[in-house]
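Protein chains: 2
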Amino acid sequence: MNKKRKLGRGVAVVGAGMSKFDMFDNRDSKDLFIEAFNQMLASVDKGVDPRNIDALYLGNFTNDFFVQQSHWSAIISDAIGLVPRPATRTEGACASSGLAFREGVFAIASGFYDIVLVGGVEDMSKRSTREVAEGLALAAIPYERKSGFTFPGVFGAIATAYFEKYGACRKHLMNVTIKSHNNAPLNPKAQYKSSIREIMDAKIERIRTRGDSIPEWSDEIDFLSDPGANPAIAWPLHLFDCCPISDGAGCLLLVGEEMARSFTDDPLYVVGLGQGSGRGLHAAEDLTTFEATRSAAREAYRMADLGPEDIQVAEVHDCFSIAELIHIEDLGFFKPGEGYKAVEEGLTRLDGPRPINTSGGLKCKGHPVGATGAAQLIEIWEQLRNKAGKRQVQGGNLRIGAAHNLGGTGGTCTFTILERR
Amino acid sequence: MNKKRKLGRGVAVVGAGMSKFDMFDNRDSKDLFIEAFNQMLASVDKGVDPRNIDALYLGNFTNDFFVQQSHWSAIISDAIGLVPRPATRTEGACASSGLAFREGVFAIASGFYDIVLVGGVEDMSKRSTREVAEGLALAAIPYERKSGFTFPGVFGAIATAYFEKYGACRKHLMNVTIKSHNNAPLNPKAQYKSSIREIMDAKIERIRTRGDSIPEWSDEIDFLSDPGANPAIAWPLHLFDCCPISDGAGCLLLVGEEMARSFTDDPLYVVGLGQGSGRGLHAAEDLTTFEATRSAAREAYRMADLGPEDIQVAEVHDCFSIAELIHIEDLGFFKPGEGYKAVEEGLTRLDGPRPINTSGGLKCKGHPVGATGAAQLIEIWEQLRNKAGKRQVQGGNLRIGAAHNLGGTGGTCTFTILERR
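From first to last, the protein sequence lines are chains A and B.
If you count by the working numbering, then the first sequence holds residues 1 to 421, one letter each, in order.
If you count by the working numbering, then the second sequence holds residues 1 to 421, one letter each, in order.
These aren't lab readings, by the way, just hints derived from the structure by calculation.
Wrong hints could be hidden among the right ones.
[As the list claims (entries may be wrong)] Below, simulated PhoX-like cross-link-like pairs (lysine-lysine); rule was C-alpha separation at most 20 Å, straight line:
{"#": "1", "chain 1": "A", "residue 1": "K146", "chain 2": "B", "residue 2": "K146"}
{"#": "2", "chain 1": "A", "residue 1": "K165", "chain 2": "A", "residue 2": "K20"}
{"#": "3", "chain 1": "B", "residue 1": "K30", "chain 2": "A", "residue 2": "K30"}
{"#": "4", "chain 1": "B", "residue 1": "K165", "chain 2": "B", "residue 2": "K390"}
{"#": "5", "chain 1": "A", "residue 1": "K165", "chain 2": "A", "residue 2": "K341"}
{"#": "6", "chain 1": "B", "residue 1": "K203", "chain 2": "A", "residue 2": "K146"}
{"#": "7", "chain 1": "A", "residue 1": "K335", "chain 2": "A", "residue 2": "K193"}
{"#": "8", "chain 1": "B", "residue 1": "K387", "chain 2": "B", "residue 2": "K20"}
{"#": "9", "chain 1": "B", "residue 1": "K203", "chain 2": "B", "residue 2": "K193"}
{"#": "10", "chain 1": "B", "residue 1": "K4", "chain 2": "B", "residue 2": "K20"}
{"#": "11", "chain 1": "A", "residue 1": "K126", "chain 2": "B", "residue 2": "K387"}
{"#": "12", "chain 1": "B", "residue 1": "K390", "chain 2": "B", "residue 2": "K193"}
[As the list claims (entries may be wrong)] Some but not every residue of chain B turned toward chain A, in silico, with C-beta under 8 Å:
{"#": "13", "residue": "F112"}
{"#": "14", "residue": "S218"}
{"#": "15", "residue": "I221"}
{"#": "16", "residue": "E285"}
{"#": "17", "residue": "L287"}
{"#": "18", "residue": "E291"}
[Said to hold, decoys possible] Computed footprint of chain A on chain B; a stretch qualifies when at least three of its residues, placed anywhere within it, have a C-beta under 8 Å from a C-beta of chain A:
{"#": "19", "segment": "165-172"}
{"#": "20", "segment": "231-242"}
In this text, a Cβ means the ideal position worked out from N, Cα and C, and glycines have one as well.
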């Protein structure tokens, strides 16, 4: 477990594409993946002939029960013209495409394949919110589900434990939400397009139009503290602490390191890979940390000969606001119990020294679960290559970024570090 | 696609174990996998400390909807004490653990890990036959399911096409069944324990006891031709053409080739790896062949510098009797249209020149779908190491064996060649 891991052959990312994330009435997994695939093809600076793609790894979590269809690897392989080449689905709940990325890396590093497509897709919005909550709970450890927990409940309990241990309060969760809502409008693929300030102002305008008395919201914290504007879901988590139900797809093109520059002059290299498993809440001595994340981070940092201080931009798995606080501590960006203070000080803002979830995060970019791990890596791809548009992290060229993808109640975690050279 | 593939680091199998296959009222996926895991540990001649296992790859197909629980990689990782080490689920319908094996090979060949556990598990028997048929159909391509096909229907159509093209008839399917039922009683893990002759004799005895008139069944073919004894399921497939509903688990331990002899003096080496995808029946020009199998076989043979004539013992995916005929042709063991003649001549029997499904096959050993790919490789492990007991293939030491695992209506196929040196 404490061994330094290395790959026999380096692997590079040379292309990436994602669909718009949203709730779509009339687009299925095939439609979404094809959109991502075509964007990926267009992103490869020097071009790639799709006939040269050796294999596909596809993360997907819920399609079995939400759209009553399994075996999506074969269906997507057909949809993008890859048949009869190999296509493999990976599933690790919301970390499904973090896993797909990793298997693509191994397939190339093993020397077996040269050019591998990795990605994920999810189609969740055709079900009611209740069905989605119940379906996603299949990823929790059985003990938790039998105790009546769905995911908001699980992360509500985690937030309570965090408050108790470190003296944080709901305001500190709101700071995470406000930051995510500030970043998302700068991301054309994001599901939510408005800052909390804009949402508040629009709500005031609607109330004014109706002629009702206008609430005295002095700022975003005030607005989010109003249970009318931001109702409780699972205390202390309120509506704006929770990521939405989303449809979407994302994919990346991986190649052997030595081939990378025949695809682009600006490839990214996979320098750190980590994965861990966890036992769930029932077995945790401390609810404010995930063993799977700490283990994955150790493995990736050691492989990369890097530490948390070297990560210049990171996407972390903020399925709930509290999750972002836990992760930025587990990954070593901040000391345990210091994450909420760092967010309050603005250190994780787009213009702060440690930007987190510049994409808007799962909270605002959206969380089509099987696509999330891929989408996180795509954000790092755009940031490190200086292609993130209005949400580009400023202040000199970025070199190192990382993506953290969590499945279930910490059952699976992947942590991946990319480098621009 | 026609490239010769190779691994940067060789990979060996040094242990294997499987649970009994059967329908269990009171054993779940954890129980079954723990049984397989403990048998695997006991099988490693020089021992392995489970704390040295770096990662797990787990094939599973139906647990999401049959037992209402996803994310089994994490649960099994916990059950066998692997947490916080990585655990990844692969899904490719009935080829799910053929995929898991392959990802384990890549993870080691990449240089990242040294010792990886691969396997699969399925728990199917808690559902009604109707629910199982409908659930498994989620692996078919959507067009097929929307046309009302479940798997017996799909393979019934394939059998009809095969009959039409090559002049075979139901008797030729029965020959496959009779052979499987002859092998299975020699396999202590198999779900079915009786030859067709024994089943027939027992039925005659029951009829005699009741005092009813005894049918004039002169031999097994006669018995299987009687629609009372062997009712139609989806013409031309009858009950004895179809594999059962099963629960079970299997796993194998993989290590870097250079380490193999510190675990056993008799390792097997992974010399051929192939995987293919397919589009399903709606897009097939010819129903009597699977593109995914042919593509996987090409890739594996080329990697191994071997041809079908070199495979001394093989497990092939006989979910239905007709499937075995198709596969032994697609894999090149016999020419197209010659498979049914070869079976009739006894060439694929345990004492024939080309033994197929010595385990009893999916038909009689059982088909817990996510465990099947692993179980096939375990049979090859036992045969090549001369440890297959009463069903050991005779006639000199075996050196080369192969396992063929098919998912869906040909959506996914893996073909793996193992060598004893």
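Discussion item. Need the list of violated hint numbers for this structure, in ascending order.
Written reply: Result: hints 1, 2, 3, 4, 6, 7, 10, 11, 14, 15, 16, 17, 19 and 20 break, sorted rising.
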